[in-house]
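Trainee: Following the hints, put chain B in place on chain A, whose structure we already have.
Chains as they are written, first to last, in numbering that gives the first Met the number 0: chain A, 0 to 278; chain B, 0 to 484.
Just so you know, these hints were derived from the structure itself, not from any lab. All residues carry an ideal CB built from backbone N, CA and C; glycine is no exception. Where hints are given, some of them may not hold.
Stated by the list, open to error - Computed cross-link-like contacts, DSS-like style, restricted to lysine-lysine with a CA-CA straight-line distance of at most 30 Å: (1) A:Lys233 to B:Lys213; (2) B:Lys419 to B:Lys370; (3) B:Lys154 to B:Lys202; (4) B:Lys354 to A:Lys233; (5) A:Lys96 to A:Lys178; (6) A:Lys80 to B:Lys292; (7) B:Lys251 to A:Lys246; (8) B:Lys292 to A:Lys246; (9) A:Lys25 to B:Lys9; (10) B:Lys43 to A:Lys231; (11) B:Lys293 to A:Lys193; (12) B:Lys419 to A:Lys231; (13) B:Lys76 to A:Lys233; (14) B:Lys370 to A:Lys231; (15) B:Lys293 to A:Lys231; (16) A:Lys264 to A:Lys125; (17) B:Lys419 to A:Lys257; (18) A:Lys272 to A:Lys257; (19) B:Lys153 to B:Lys213; (20) A:Lys257 to B:Lys293.
Claimed, not checked - Interface residues of chain A toward chain B, partial, derived using beta-carbon atoms under 7 Å: (21) Val65; (22) Lys67; (23) Gly222.
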Amino acid sequence: MYEIIDKKELTPGIHLLEINAPMIAKNAKAGQFVMLMINDVGERIPLTMADWNAEKGTITIIALEVGKTTMNLGKMKKGDKLRSVVGPLGLETEGRKYGTVVCIGGGIGIALMYPVVRALKQAGNKVISIMGAKTAETLILEDEIAAHSDELFICTDDGTKGHHGFVSDILKQQLDESKQVDMVYAVGPIIMMKVITDITRPYEIETIVSLNPIMVDGTGMCGSCRVSVDGKMKFACVDGPEFDGHKVDFQLLIERNKRYLEEEKLAIERYAKEVQGGD
Amino acid sequence: MTEEQKPKKKRAPKKYSMPEQPPEERIQNFNEVPLGQDAETIMKEAKRCLQCKRSEKRKICVDGCPVGIDIAGFIMKLSEGDFEGGVAILKQYNNLPAVCGRVCPYENQCEGYCVLARLKNYDPVAIGRMERFLADWERARGFRKPELPPRKGKKIAVVGSGPAGLTAGADLAKKGYDVTIYEALHAAGGVLVYGIPEFRLPKAIVQAEVDYIKMLGVEVITDVVVGKSITMQEITQIYDAVFIGTGAGLPKWMNLPGENLNGILSANEFLTRTNLMRSYLFPGSDTPNRIGKKVVTLGGGNVAMDCARTALRLGAKESWIVYRRTEAELPARKEETHHAMEEGVKFHFLASPVKYFSDESGFVNRMECCKMRLGEPDESGRRRPIICEGENFEMDVDTVLIAIGQSPNPILSQATPELKTTKWGTIVVDEWQRTAMKGVFAAGDIVTGDATVILAMGGGKRAAEAIDRYLTEDEPWPSSEKLEK
Chain A
0 MYEIIDKKEL TPGIHLLEIN APMIAKNAKA GQFVMLMIND VGERIPLTMA DWNAEKGTIT
60 IIALEVGKTT MNLGKMKKGD KLRSVVGPLG LETEGRKYGT VVCIGGGIGI ALMYPVVRAL
120 KQAGNKVISI MGAKTAETLI LEDEIAAHSD ELFICTDDGT KGHHGFVSDI LKQQLDESKQ
180 VDMVYAVGPI IMMKVITDIT RPYEIETIVS LNPIMVDGTG MCGSCRVSVD GKMKFACVDG
240 PEFDGHKVDF QLLIERNKRY LEEEKLAIER YAKEVQGGD
Chain B
0 MTEEQKPKKK RAPKKYSMPE QPPEERIQNF NEVPLGQDAE TIMKEAKRCL QCKRSEKRKI
60 CVDGCPVGID IAGFIMKLSE GDFEGGVAIL KQYNNLPAVC GRVCPYENQC EGYCVLARLK
120 NYDPVAIGRM ERFLADWERA RGFRKPELPP RKGKKIAVVG SGPAGLTAGA DLAKKGYDVT
180 IYEALHAAGG VLVYGIPEFR LPKAIVQAEV DYIKMLGVEV ITDVVVGKSI TMQEITQIYD
240 AVFIGTGAGL PKWMNLPGEN LNGILSANEF LTRTNLMRSY LFPGSDTPNR IGKKVVTLGG
300 GNVAMDCART ALRLGAKESW IVYRRTEAEL PARKEETHHA MEEGVKFHFL ASPVKYFSDE
360 SGFVNRMECC KMRLGEPDES GRRRPIICEG ENFEMDVDTV LIAIGQSPNP ILSQATPELK
420 TTKWGTIVVD EWQRTAMKGV FAAGDIVTGD ATVILAMGGG KRAAEAIDRY LTEDEPWPSS
480 EKLEK
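So here's chain A without its partners, still in its complex pose:
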């Protein structure tokens, strides 16, 4: 069992959990994720690691309430235990020196962006970070990312902080000012990643995206997370989750992530009743 060592609500609906998982903490690398299961009848869901501490033997995940499992996770308290946490899974970010890199994170994607920014900075890159959120209140990890970035841009959909608009606007602006950019890293909503790759394509800038398909085992066994990259089938859990963004079939990913919408809705409704009934 995996004890929750610390838990806080970063902003409404976004929770940070520090979990006791020494083996994962020891081998964790930027870009990797864990599969987490709350209880015996729980679902296995992939969650990116925002941080880890090998000495303390803990990992940190940041989860946005989107479905029953993440809502339930939001209700858990310090000292509660999780049925299963497996990892670190997926391939790590290639933390090499590119020169100047632009790291873009949207929404909860910022959680995964943080260790990537840190790794790229440590590898000697000039790191320009662009973070996007719906509104100032839902922006996470600003200080942490600022500490490892040479430049930081913030965007909000409603203009309550930073640029009033999308992360892609800032990227475009950077490229239009003919700044030298050697690599772009993007993680966030699928549509955001797609727009970013469309912007960088004419510039032929290497663009890495981190994908978030539906997974079951997370170890290459089932193919639920299959994506099409350069026309070839890849499993995001073992071949990814990072891929060359210019080769990803985003439309397919959007379609495949709709597979269980009805069931997810049903589970949330049922859960809402359960929670109400329990109060």
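Mentor: Using the frame of chain A, we list chain B on its own:
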């Protein structure tokens, strides 16, 4: 057959039958299909046995058993009503008898060699059912811990808790080694828990057999992906020897247009959602498994039968198997095919999909198939299917399950280049299950490619012998060149 082996008194020519849940009832639930036999019936069955002696000239039941069980021995005890004695013999050879008594293809193994069946109109002795009976009897009574030899003070890591790993782990513990099994998923059992459905192998039975193996002192640690959570280098530093039994967990695809459409799943995904994640309880459990009205399963093996039968239980109105050869070539066990047909699974032989179509919702709704005919036998001895050009047809379909086989799980070998692999991704071993890494052994589907539970157990058993030999005798490790051959 010589004079002395002929039945002295007349044996019942047919197996005593085992009651089963009727088909119309069982497709409404996930409970086990065969219901077991009572002591009286099984003792009568045991008395059908001729107690043949093995000789060089004549093969008998045990020659067909990949783990070499003293079959005549345990049947003798059973016929005398000495169940305890029967269990003791069985357990000397087989650590998972309740599993084997359910999923072994006995008809091709022990029962395939049964001398009684050589008489005209005689069934073989029902060895599988007797194994099942003894295992169930023992489990109901409660497992007794066998006497274990003194500990040798040597540590062995087993990677994977499927049939190969559990067998190797149990045998090594019985030899006095300290064994730790690492499992990637959150429950032990490998394919026994994620793949084989509840109605064929209840998970409580797998759990009980795993608990028995823990009783032998074997430690099972779940949620560890070796190669990710811990590397082989780290493991080889901690342990005196390592056994790899990571199985064939990578689904095969046909690479057809439209194969990534929603509603098209690998057998592994469909079965893992149902079995390991218990989606059949949804929304009582949290993992969904959407099933359409018309389900088509591709393939003809046991896994295909499992998929088609599971689909019915999840509420499919029609469950089809589309197979490119004919009924005669179906690789599934006869019993599984028989059960599937009884339950109303329909078969479309000599057909194979070529393309999938979807509606605007992104879910598959139609598939185009080609017709096949059988040509000359291929290397497997089965007649090769040949496409009949220009005779394509279409089928409406809501869910497609791809059950055409699995490849070896690549995570560990990708993370461990020192392990030599074949072009199919299987790990190369010698006759003693030794890999290219010193002190590291492998067996089961990761070595053979996808096969049966019992063959994996046989491999695990050989590996346990080999590990014992490696740790007690000072033999040189085979060179890479030797492994090439």
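Trainee: With reference to the structure, classify each hint as holding or not holding.
Mentor: Here is how each hint holds up against the structure:
1. A:Lys233 to B:Lys213: Violated - the C-alpha atoms of Lys213 of chain B and Lys233 of chain A are around 37 Å apart, more than 30 Å.
2. B:Lys419 to B:Lys370: 40 Å, violated
3. B:Lys154 to B:Lys202: 29 Å, holds
4. B:Lys354 to A:Lys233: 20 Å, holds
5. A:Lys96 to A:Lys178: 17 Å, holds
6. A:Lys80 to B:Lys292: 39 Å, violated
7. B:Lys251 to A:Lys246: Distance ~23 Å between Lys251 of chain B and Lys246 of chain A Cα, so the pair holds.
8. B:Lys292 to A:Lys246: Not OK: Lys292 of chain B and Lys246 of chain A at ~35 Å, beyond 30 Å, violated.
9. A:Lys25 to B:Lys9: 68 Å, violated
10. B:Lys43 to A:Lys231: Distance of about 58 Å is beyond 30 Å: violated.
11. B:Lys293 to A:Lys193: 35 Å, violated
12. B:Lys419 to A:Lys231: 26 Å, holds
13. B:Lys76 to A:Lys233: 54 Å, violated
14. B:Lys370 to A:Lys231: 27 Å, holds
15. B:Lys293 to A:Lys231: Measuring from Cα to Cα gives roughly 28 Å; hence the hint holds.
16. A:Lys264 to A:Lys125: With Cα atoms ~43 Å apart, Lys264 of chain A and Lys125 of chain A exceed 30 Å; violated.
17. B:Lys419 to A:Lys257: Cα-Cα ~40 Å, so violated.
18. A:Lys272 to A:Lys257: Given pair Lys272 of chain A, Lys257 of chain A holds - Cα atoms ~24 Å apart, limit 30 Å.
19. B:Lys153 to B:Lys213: 17 Å, holds
20. A:Lys257 to B:Lys293: 20 Å, holds
21. Val65: 13 Å, violated
22. Lys67: 6 Å, holds
23. Gly222: Where the cut-off is 7 Å and the nearest Cβ of chain B is about 4 Å from Gly222 of chain A, the hint holds.
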